[in-house]
Structure formats: C-alpha cells, structure tokens
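Take a look at the letters that make up each chain.
2 protein chains.
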Amino acid sequence: MAEASGDIQTLIDLLARLPGLGPRSARRAVLLMLKKRGQVMAPLAQAMAEVALKARDCVRCGNIGDADLCDICRNEKRANGEICVVEDVADLWAMERGRAFGGRYHVLGGTLSALDAVGPEDLRIPALIDRVSDEGVSEVILALNATVDGQTTAHYIAERLEGRVRVTSLAQGVPVGGELDYLDDGTIGAALRARRSV
Amino acid sequence: MAEASGDIQTLIDLLARLPGLGPRSARRAVLLMLKKRGQVMAPLAQAMAEVALKARDCVRCGNIGDADLCDICRNEKRANGEICVVEDVADLWAMERGRAFGGRYHVLGGTLSALDAVGPEDLRIPALIDRVSDEGVSEVILALNATVDGQTTAHYIAERLEGRVRVTSLAQGVPVGGELDYLDDGTIGAALRARRSV
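Those protein sequences? They're chains R and W, same order as listed. Numbering (the UniProt record's numbering) for the first sequence: 1 to 198. Numbering (the UniProt record's numbering) for the second sequence: 1 to 198.
One or more of the hints may lead you astray.
When chains are identical, the list treats them as one kind, so a pair holds in a single copy or across two.
[Said to hold, decoys possible] Below, computed lysine to aspartate or glutamate pairings styled on EDC-like, alpha-carbon distance capped at 20 angstroms:
hint : residue 1 : residue 2
1    : K35       : D13
2    : K77       : D184
3    : K54       : D149
4    : K54       : D68
5    : K35       : D57
Calculated directly from the structure, the hints in this document are not laboratory data.
With the hints as constraints, model all of the structure from the sequences given.
Set out below in structure tokens:
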C-alpha cells in the first residue's frame, strides 16, 4: 500500500504501530498534519523529540519524569508517609486523575507471574522494602489491578511488609455510576461482603 | 487532567488533537513511546520533522510530495493522456491503492458548495481546464465522492469540458463483496439501471 511518497509512507508506517492507531487512522492523521504543517506537525515533532531526549525513570519511585527524581518525588508536600504501589506508570496517571491521593508512589513495573517467570527481583519490590525502612513510611496502599497476577503480587508484598507498616488495598465494590444489572457476579459478591451501614 | 509532567502532557495534548485519537489513546500511545524511546519515539519524531520540512504541494496536480512536481507527475510512464480528478489527497491515495489507474491526477482541494461559498476559482478547476489544453489529454475521469456537493462539482466540470475531451465518471453499483440486504436503496437502484448482460 505504498501510495504516498517515500518519507510520508515511512511516517504513516511508524504512526500505525502506535496502540489505537491502524494504517487507516495513521493515514488520516498524517493527512491532517500535512494540511496543517505549521500548527500541528512541527510542534508535534518538536515535543516528541524533546520528550525522547529528556524523559527518564525516577530513581526512587519508577515514575517517568524529566530529571533523576520525578515531579512527585521532588514535591515535599507529598511526603506524607503514604506510598501507593502501582503496577505501571499508566496506573499512576489514573490515580492522579482521581485527585484523591496526596502521597508518593512506587511503580513496580509489572506483576509477579509464574507463567512469564517474573520474580520479586525482576520488579521493584526490593526497592519498595528499602523505602519503607528509609523514608519513615506509615502506610503502603496497594493499588494493583484486580487480576489474578495483580492480587498475587499484592499478597506477596503484604506478607513481606507484615508487622513493619500498615498495608491497605483499594476497596472493591460497585463503580460510581455503575448499574447492578451490568456488573459481573464477582463484583456484586465483593460489594455485598464489604457492605457498610448507612 | 495534568497527571503527567509538563513536556509529556504537552505531547499527549498535541497527539490527542489528531483525528482518531482522543486523550485516552494519546496517553496510551505516549506511554508506549516512553517505554520504547529509542525504537519508536526518536524515529517517529525524526520522520515527522523531515516530512514537515520537505512536504509541498505539487504545482501541477496538487498532490503532496517532496519536490515541486510530485512522484506521479515526474513519472513519464504515467503520461498516458488520462487525468483522474479527485477531491482530496486522501482520495488520490485511495485510487492508488486500487492499483487500477495508470494515468495522472488532478486534486481539486474540495468541492463546489453554495453553503460554504466555495466557487470554481477557490478550487483548482481553472488549472484543470488549462491542463486539458496543454497536456494533450484524451480523457478526464471524474472520481468525486457520491455526495450532493461531489456530484454538483462533477456536473460543473463536465459542462466546462464539454466537446473538448472525453469526460467519464466512476461506475456506481454493488461494492465488491457487498450484500444486497445491507445496501441502501439508492445504490441498488443505480446498480439496476446500470445493469450489464452477462
């Protein structure tokens, strides 16, 4: 499907590899960029080159930022003794969008998995244990995905930290705005077991 | 939703403006790029900067290329006396993917529209009339969209070229692989009127 000239086709092929974009939407995106070369294409290319150059993993928490320590680890207001453990930077961003957590994070970089031979040393679990001793942490909140691997990882971390710090995990229940009729049975069961008096 | 650090958020916002991408998929795309900075992000930024710098409209046909004349206008094998008139570069690419046309193109850059006050002088119609006299054209194929504006534009061009050159348009009928049950009534009617003996 090499209908566009060389350079343009290269750009389409590269864009089409991004998640959520296929060849069709990559073509549409490139056409829009070509029509608005100055306003869209040049700034986008520059922003991308800049991030590619500057972005690095935070040495403390594993978040992505533009320095050795990420924005959150540099922000002293967030040193409230709480660490929220997430699987991935995407999950950290999701937590931040929730605007409910004021502490710091620890990004594991995955979950334990017997199938994929991922052990504690492959994740950033030892670094988490060190942080709990070093930083005067009062609570570790496990915000891992409600999948089998996520829950296995949560159990493992809870065991390792037992007796050293308060370990909590996100509540399970009916999502805000959720309709019971559309929820899976497991969620309804969990919400019932965790029922609260009104 | 400024959950990522400054530069990264700028990149997400710029990407989210592309057609087919929203904030959600832009975030996912940026996360993938951040994970594969070397293999994905740097080449993409470079390809984009290169195209932004080089891309220009072909002075003859309006296609996008990397020189004053596009690849197709430079290719002497395609000077077969046929010009295919399309609305947009996207349509030109679609025709090229069909691999059925061996001539050259003329990109109008839109359609006539009374509502949006687009007249013949706003499109590349005068340039098309000139090309028909100058280039020894034997046939003009109108490959305009089957919309009201597209068909109005086709009629106008056909009238202007009447008696000077053979003017044809794409056949209307059942799409290849199409099922009658799912086709709109207009298409079925058009296919019936244009029926051929087997």
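Checked hints:
| no. | hint | result |
| --- | --- | --- |
| 1 | K35 to D13 | both (19 angstroms within a copy, 19 angstroms between copies) |
| 2 | K77 to D184 | neither (39 angstroms within a copy, 62 angstroms between copies) |
| 3 | K54 to D149 | neither (32 angstroms within a copy, 48 angstroms between copies) |
| 4 | K54 to D68 | within (10 angstroms within a copy, 37 angstroms between copies) |
| 5 | K35 to D57 | between (36 angstroms within a copy, 10 angstroms between copies) |
Hint violations for this structure: numbers 2, 3, all remaining hints satisfied.
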